[in-house]
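First to last, the sequence lines map onto chains Z and E. No gaps in the numbering here: position 194 of the first sequence is 194 in this note's numbering, and each next residue is one more. No gaps in the numbering here: position 198 of the second sequence is 198 in this note's numbering, and each next residue is one more.
Just so you know, these hints were derived from the structure itself, not from any lab. Hints may contain errors.
27 Å max Cα-Cα, derived DSS-like pairs, lysine-lysine [said to hold, decoys possible]:
{"no.": "1", "chain 1": "E", "residue 1": "217", "chain 2": "E", "residue 2": "231"}
{"no.": "2", "chain 1": "Z", "residue 1": "108", "chain 2": "E", "residue 2": "231"}
{"no.": "3", "chain 1": "Z", "residue 1": "231", "chain 2": "E", "residue 2": "231"}
{"no.": "4", "chain 1": "Z", "residue 1": "217", "chain 2": "E", "residue 2": "108"}
{"no.": "5", "chain 1": "Z", "residue 1": "108", "chain 2": "E", "residue 2": "217"}
There are 2 protein chains.
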Amino acid sequence: MNQSMGIVLYNGEFQNSDAVGIDPTDRGFLLGDGVFDTMLAVDGVPVFAEDHGLRLMRHAKILGIPCPLDCTLFTSMATTLLQKNGYTHGRYAIRTTLTRGPGPRGLKIPDMPPLHPTLLMHAAPALIPQGHVNLIVAQSVRRNEGSPLSQVKTLNYADNILALHEALAAGANDAVILNNRGQVCCAASSNIFAVLDGQWATPPLTDGVLDGIMRAKTIAEKKVLEISLYKDDLIRASALYLTNSLTGLRPARLIAVSDSQ
Amino acid sequence: MNQSMGIVLYNGEFQNSDAVGIDPTDRGFLLGDGVFDTMLAVDGVPVFAEDHGLRLMRHAKILGIPCPLDCTLFTSMATTLLQKNGYTHGRYAIRTTLTRGPGPRGLKIPDMPPLHPTLLMHAAPALIPQGHVNLIVAQSVRRNEGSPLSQVKTLNYADNILALHEALAAGANDAVILNNRGQVCCAASSNIFAVLDGQWATPPLTDGVLDGIMRAKTIAEKKVLEISLYKDDLIRASALYLTNSLTGLRPARLIAVSDSQ
Numbered sequence: 001m002n003q004s005m006g007i008v009l010y011n012g013e014f015q016n017s018d019a020v021g022i023d024p025t026d027r028g029f030l031l032g033d034g035v036f037d038t039m040l041a042v043d044g045v046p047v048f049a050e051d052h053g054l055r056l057m058r059h060a061k062i063l064g065i066p067c068p069l070d071c072t073l074f075t076s077m078a079t080t081l082l083q084k085n086g087y088t089h090g091r092y093a094i095r096t097t098l099t100r101g102p103g104p105r106g107l108k109i110p111d112m113p114p115l116h117p118t119l120l121m122h123a124a125p126a127l128i129p130q131g132h133v134n135l136i137v138a139q140s141v142r143r144n145e146g147s148p149l150s151q152v153k154t155l156n157y158a159d160n161i162l163a164l165h166e167a168l169a170a171g172a173n174d175a176v177i178l179n180n181r182g183q184v185c186c187a188a189s190s191n192i193f194a195v196l197d198g199q200w201a202t203p204p205l206t207d208g209v210l211d212g213i214m215r216a217k218t219i220a221e222k223k224v225l226e227i228s229l230y231k232d233d234l235i236r237a238s239a240l241y242l243t244n245s246l247t248g249l250r251p252a253r254l255i256a257v258s259d260s261q
Numbered sequence: 001m002n003q004s005m006g007i008v009l010y011n012g013e014f015q016n017s018d019a020v021g022i023d024p025t026d027r028g029f030l031l032g033d034g035v036f037d038t039m040l041a042v043d044g045v046p047v048f049a050e051d052h053g054l055r056l057m058r059h060a061k062i063l064g065i066p067c068p069l070d071c072t073l074f075t076s077m078a079t080t081l082l083q084k085n086g087y088t089h090g091r092y093a094i095r096t097t098l099t100r101g102p103g104p105r106g107l108k109i110p111d112m113p114p115l116h117p118t119l120l121m122h123a124a125p126a127l128i129p130q131g132h133v134n135l136i137v138a139q140s141v142r143r144n145e146g147s148p149l150s151q152v153k154t155l156n157y158a159d160n161i162l163a164l165h166e167a168l169a170a171g172a173n174d175a176v177i178l179n180n181r182g183q184v185c186c187a188a189s190s191n192i193f194a195v196l197d198g199q200w201a202t203p204p205l206t207d208g209v210l211d212g213i214m215r216a217k218t219i220a221e222k223k224v225l226e227i228s229l230y231k232d233d234l235i236r237a238s239a240l241y242l243t244n245s246l247t248g249l250r251p252a253r254l255i256a257v258s259d260s261q
């Protein structure tokens, strides 16, 4: 089954994705040893490109992966990618994947010879979100507040895939994921905000929350309080919102709440 | 930099790894959406092949990934792989990687059209371990006892990479990873056993412990008690051991213990 990505940027060259093959020794493939970014583009222009570029570099640094792009190059490559695909009108998602690159067997980060990180940038149409997001609270999985990588957009998304799968199977659109202390973290690919007694609130990153670009924008814009939230806060909130870079700020509501959490 | 894997089994065909390119839309690469197994082979014969094959299928099922191998085929493919590489004398590691395969953008598990899982099996020399493993207790990261995937050999190894990196930077060989409750789970790629008052003990899987093949073998052989362990138990233990499939049962010792955990 071919899921063509159209023209992609792969290790410095624009080429058709059908011609791209990831090295089977790539540590991104074998161990999830990498980070990524998903950014909206509207009418050929990447949105908040500098924020996305800076975060990609920040997250790569936490894993000790050298980033072959600076912010200027990141933005210009994204813009060129859109042009080469004819994606200059409408909404598109640009995903940038950066891995530690090929390596020998084992977990140990290779030091000699120096690694060549793998960089893949591709674009795909992004839908305009409609209406409320119906949420459940995930029963299947908790978020790992004890890992600094819970704040980082690494390639390790299996937990989030499980949570989303649970939500869709329950007839919802997304799942709120709690940490091991029972505190609210985020949804499968969004940050979460609650309005409590007129005050906007969102959990601090240290509760195990991904450092979202739209999260930071919303905190600044709405004067949001960063405070630990619990399931009961979501129930009593006058409004809930999810944010991510593709859908912006989107209203949400809990459609089912279990007492077992 | 080319890290050749020699002859590999890739989606049903034996071929040189240089000719293999992983589809850039592979969910294993983009999202860590897959599982793997590492098995020892000695003198051309895979060790505990049935256990490894069954675990791979069990773990794939937890993620809902169809496994294109049964145990018999898994073992015969592994044996053929060794022969094709001329790895019929000495110790080798056979790694089998199974991902959900290529998919469209996003976390949602695609249902239409049906996915084609990606299967890669490759072999590499395995060293004979020497002497004690010097351990620290990881400060950088905790294990996620609240995810069922903490028991599953998924491709999500970034936390373990961080823990091992911390250990090596501290002059140790490996790191004991605690869960968010402060209980001992495992090392970066091994299970852990402690001998306490003459009784062998290891943490239960539900504490966030990977379901290791050698762990199960050792529990059966040594009449091991499955009980939650804490850092203090490791300090007072008369002996510590690590197990994994490549190194078997290996003595270990704590070389540094912080009071901050």
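These are the hints, each one checked on the structure:
no. : hint           : result
1   : 217/E to 231/E : holds, 24 Å
2   : 108/Z to 231/E : holds, 24 Å
3   : 231/Z to 231/E : violated, 32 Å
4   : 217/Z to 108/E : holds, 26 Å
5   : 108/Z to 217/E : holds, 26 Å
Consistency with the previously given hints fails for number 3 only.
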